[in-house]
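Peer 1: Build out the structure end to end from the sequences listed, making use of the hints.
Now for the letters of each chain:
Number of protein chains: 2
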Amino acid sequence: MSVGIVQEQSVTFDRELRLESGRILGPITLVYETYGTLNADRSNAIMVAHAWTGNAHLAGKYSDDDPKPGWWDAIVGPGRLLDTDRYFVICSNVIGSCYGSTGPASLNPKTGKRYNLSFPVITVRDMVRAQALLLDHLGVDRLLTVLGGSMGGMQALEWATQFPERIRSAVALATTSKPSPQAIALNAIARWAIFNDPTWRKGDYRKNPKDGLALARGIGHIAFLSDESMWQKFGRRFSARDGQFDFFGQFEIERYLSYNGYNFVDRFDANAFLYLAKALDLYDVAWGCESLEEAFAPVRVPLQFFAFSSDWLYPPYQTEEMVGVLQRLGKPVEYHLIDSAYGHDAFLLEHETFTPLVREFLERVAG
Amino acid sequence: MSVGIVQEQSVTFDRELRLESGRILGPITLVYETYGTLNADRSNAIMVAHAWTGNAHLAGKYSDDDPKPGWWDAIVGPGRLLDTDRYFVICSNVIGSCYGSTGPASLNPKTGKRYNLSFPVITVRDMVRAQALLLDHLGVDRLLTVLGGSMGGMQALEWATQFPERIRSAVALATTSKPSPQAIALNAIARWAIFNDPTWRKGDYRKNPKDGLALARGIGHIAFLSDESMWQKFGRRFSARDGQFDFFGQFEIERYLSYNGYNFVDRFDANAFLYLAKALDLYDVAWGCESLEEAFAPVRVPLQFFAFSSDWLYPPYQTEEMVGVLQRLGKPVEYHLIDSAYGHDAFLLEHETFTPLVREFLERVAG
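Protein chains in written order, with full-length UniProt numbering: chain A, 1 to 367; chain B, 1 to 367.
Quick caveat, the hints were computed from the structure, so don't treat them as lab data.
These numbers come from a predicted model, not from an experiment.
Just to be clear, a hint being listed does not mean it is correct.
[Claimed, not checked] Partner residues aside, some chain B positions facing chain A, computed with beta carbon under 10 angstroms: (1) A183; (2) S226; (3) F248.
[Claimed, not checked] Footprint (simulated), chain A over chain B, 3 or more residues, beta carbon under 8 angstroms: (4) 253 to 261; (5) 289 to 303.
[Stated by the list, open to error] A short list of chain B residues far from chain A (calculated; beta carbon distances all over 12 angstroms): (6) V11; (7) P78; (8) D85; (9) P109; (10) L135.
In this text, a Cβ means the ideal position worked out from N, Cα and C, and glycines have one as well.
Peer 2: Below you can see the structure in the form of structure tokens.
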């Protein structure tokens, strides 16, 4: 069942964060939510890390008439995978985002103005460093697990390699040790779409640059779906209201991209989108190391990986490369390739394909 | 060896063309080039059909100091695949394009003004109908073969199904019976990029809308390459002149997309790009038929197909579906899956992988 009515929380740390770039950011605010109760020996905490455009609102509703629950509600609550009768579940909005955590749309405490492009380039490693401060704040020394898909999976990898002493396991879904040049190229096009929008004004806009941001999001949707799921969902159907020989006539897939693109403008800040796209592209679990072997050497707890057969953004071969290295290093690693038509989105859409396997994994870890 | 110095030619037909949409276009001009000599019994003519942004300048140079030969020079000339000592080779710029054939940038003879968006939506079938007029003009009843890749392959399919009596064979490379919704989605993003450019002015521009068109072309390059070729060509290398933590810092793949995108603006008209993108998306060899079986029923000459393993724009399964249907119908069909890392571009970049096979095929047909 659902966790019910939930509340957003927020904390501002009094210390600054030294970023991977060498720049200093702070004081930092993190917005987060928690579900369930931390037990007496503080051993039941689980962190869920969100993807690119996600936020801290993982589960539950804000009020009885809230039309939509949190973004991964299906796996959180009494009796669900992350059983809030047993676990204390934490989800925080990453730095660089726009849902209350410090990001480019935040006011720079030193100037009293929005950061915009004066915001420093951040990395996934920086996001996780900020989350470690949140754990300190919550009094959690060690997480039972950290779980996430896509950019959330990258965060799980950072916990496993940068803070191995603070987790007892990690679960990474639909992720990569480093995005491919093809994935970077798709983000490059998305960036370019925003840069091309004259209302973006080099990040100094009053209103979100809607045409550029909608287009950028449209590109994302192509990357998140798959050839197979597009055939199933849209095929070559033409919009019923348009003529096939109208210059502006649209196929259903075009309407989908446009509709979802423009919807996105109401909920996400263009600069935050750009900063997080950059963090994705720069992501490399072996950042600062000579090899994946060196990067994974510190791993000391069980890792569980899931890849999805039709995910062409972070294809299975990229997960398999990591799993291969971990196995050669003798680390406790488990890998499942899930057969799915849903592409990268599968981790959000087909949770029933992996939740039984994560449940068993957690039993063993907690066991 | 090269065909040497060549000249562009042009013909304006005195009749109008009734388009697939029901609209009338004309008088139509086609720009074309020919290489070699039509033999006495007019049996040695070969038509090469170009892809999306191609043109009639298939081979040779316009002058001794012309820096670049035609777009598929490597396969045309004495001793080459399309041996101009034996064959009379024809290539014409399609209608809807911007290299001299009638397209949206042409003057509408009825108004004296550029068509722009008053130009009718055209189809690949319409392009081939116009080419048939060119054959009449050249006194060629029947082609020895028609050969093309991508949109050129679609034209070859149209010849085989709409004008089966006018060809003795056809060779289609890296093509599809109908683009997938994923391919349509990529074109939709490209269209959107141009629509978003305020200098496009609903097609009524004086200067090509450069930022939108460059971005649109950048998307194309992602579709034409492959995950594998991008790893080989660019990997995750960062531009040497940029800092990794610069907000505007670029990966090499980004620079490639941007560089090639902006280069494209100098050579292709944005409206023509949009009209041809539309023709690609609408393409369906079974247009007006109930099935592929019905569409291929008129085929009466040998067809040769090539697909390229890493082509994800028109993936091999799409060619294989056509080949399967033709085989079940008992039509003379030959299929080669070429192992290549080059994606959709392979048909232009790795001609040595298929030219020996096309050569044999032509010998048999001419035989």
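Peer 1: State for each hint whether it applies.
Peer 2: Results for each hint:
At its closest, the beta carbon of A183 of chain B sits 9 angstroms from a beta carbon of chain A; the interface hint therefore holds under the 10 angstroms criterion. For S226 of chain B, the shortest C-beta to C-beta distance to chain A is roughly 8 angstroms, which falls under 10 angstroms, so the interface hint holds. The beta carbon of F248 of chain B is positioned within 10 angstroms of a beta carbon in chain A (closest approach about 9 angstroms), and the interface hint is therefore held. For a cut-off of 8 angstroms, the count of residues in the stretch 253 to 261 of chain B with a CB near a CB of chain A stands at 4, and the three-residue condition holds.
Judged by the Cβ-Cβ criterion of 8 angstroms, the stretch 289 to 303 of chain B is not covered by chain A as claimed, because only 0 of its residues qualify and three are needed. No Cβ of chain A approaches the Cβ of V11 of chain B within 12 angstroms, the least distance being about 26 angstroms, so the stated non-interface status holds. Separation of P78 of chain B from chain A is adequate, the least Cβ-Cβ distance of about 40 angstroms exceeding the 12 angstroms criterion. Listed as outside the interface, D85 of chain B is consistent with that label: its C-beta sits roughly 43 angstroms from the nearest C-beta of chain A, beyond the 12 angstroms cut-off.
Here P109 of chain B stays apart from chain A, with its beta-carbon at least about 20 angstroms from theirs, past the 12 angstroms limit. Every Cβ of chain A is farther than 12 angstroms from the Cβ of L135 of chain B; the closest lies at roughly 26 angstroms, confirming the non-interface assignment.
Violated hint for the displayed structure: number 5, the only one.
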